[in-house]
Amino acid sequence: MAKISGAVEINRERCKGCNLCVVACPVDVLSLQPKEVNDRGYHFAYAAYPDKCIGCASCALVCPDSCIEVYRVVEK
Amino acid sequence: MNPEDIKRPENKVYSRPELLCDVSMHYCPGCSHGVVHKLVAEVLKEMGVEHNCIAVAPVGCAVFAYNYIGVDWIEAAHGRAPAVATGAKRLNPDRLVFTYQGDGDLAAIGTAETIHAANRGENITIIFINNAIYGMTGGQMAPTTLEGQKTATTPYGRRVDLNGYPLKISNLLAQLDGTCYVTRQSVHTPAAVRKAKAAIRHAFESSYSGHGTSVVEIVSTCNSGWKMSPAKANEWMVEHMFEAYPIGDLKNTVEK
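Respectively, the protein sequence lines represent chains A and B. Using the working numbering, you'd call the opening residue of the first sequence number 1 and step up by one each time. Using the working numbering, you'd call the opening residue of the second sequence number 77 and step up by one each time.
Keep in mind that the hints were calculated from the coordinates and are not lab data. Among the hints, a few may not be true.
Claimed, not checked - Listed next, the in silico EDC-like pairs over lysine to aspartate or glutamate satisfying Cα-Cα at most 16 Å (straight line):
| # | chain 1 | residue 1 | chain 2 | residue 2 |
| --- | --- | --- | --- | --- |
| 1 | B | LYS88 | A | GLU75 |
| 2 | A | LYS52 | A | GLU9 |
| 3 | B | LYS88 | A | GLU9 |
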């Protein structure tokens, strides 16, 4: 069976830490930085478990600041 | 696979729309405006009309929409976007003309302009963001505020005997003969975002091809005005807003 792997690239300076991508992710890849903040003082989102990503782009679809780019490969 | 190996240009499946200007938006974290801006930018690019389009910005939170979507914009006086769009469309009938308005703009001060533009069947699209509150000015009651909803000006909840009923303006517009497509969508989940995008595309195409006015109401959140976290605001919207403003097409005279 083909294995689908994905990866997300988050623009950390654009992220406002709204948490909507974390809620939307079906495989719980994303999380907000617990301590670190960006230049504007927001706890930005990051891929806490990047190996689990399936590249479904759910996070990017609901991101109000369009700061997520999604990549996907299908390994045969 | 190593995430760095996956992040190659040929594997990219989702990126920021080209038409969205490379600036940071002024909206609060989690605001639905950002998602709708993104959808409008994507649809205009996919239709290939970005150089042949006139958009009309409202007064309200989305007043700076002209800074974010890279098409030609006109800024209208409060509530007068459909009137300005009427003029733009009549003088430039080959252009796609749309307005982007909030509920305070469209359903309160601009009720007359909206209803008459729709009744005349102007070939414009109205993108209507309904968050049941005046967001920019600090969360006052809007005509669309739900019964019992607490706002800055109704601290004990909206009372029907004092403030009247929530105004379902899309249902009203669907009654008019001039409208060709009236729909109510939301952007709280990935599936809803996809449906909203399809609705915006159909609305643009219907009005652009001369079938009349199309209205896309987006039931959205104002987490700052509602004083909730963005995720909580989405839950509250599903629980309360969808009861008064159910999602779905209210009128469609143009085949998809």
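Inset, instruction - Compare the distance between the alpha carbons of A/LYS52 and A/GLU9 with 16 Å, and conclude whether the hinted pair is satisfied. - result: Measuring from Cα to Cα gives roughly 14 Å; hence the hint holds.
Inset, instruction - For the pair we were handed, B/LYS88 and A/GLU75, check the Cα-Cα distance against 16 Å. - result: holds (15 Å)
Inset, instruction - Starting from B/LYS88, check that the Cα of A/GLU9 is at most 16 Å away, please. - result: holds (10 Å)
Checked against the numbered hints given earlier, the structure satisfies every one of them.
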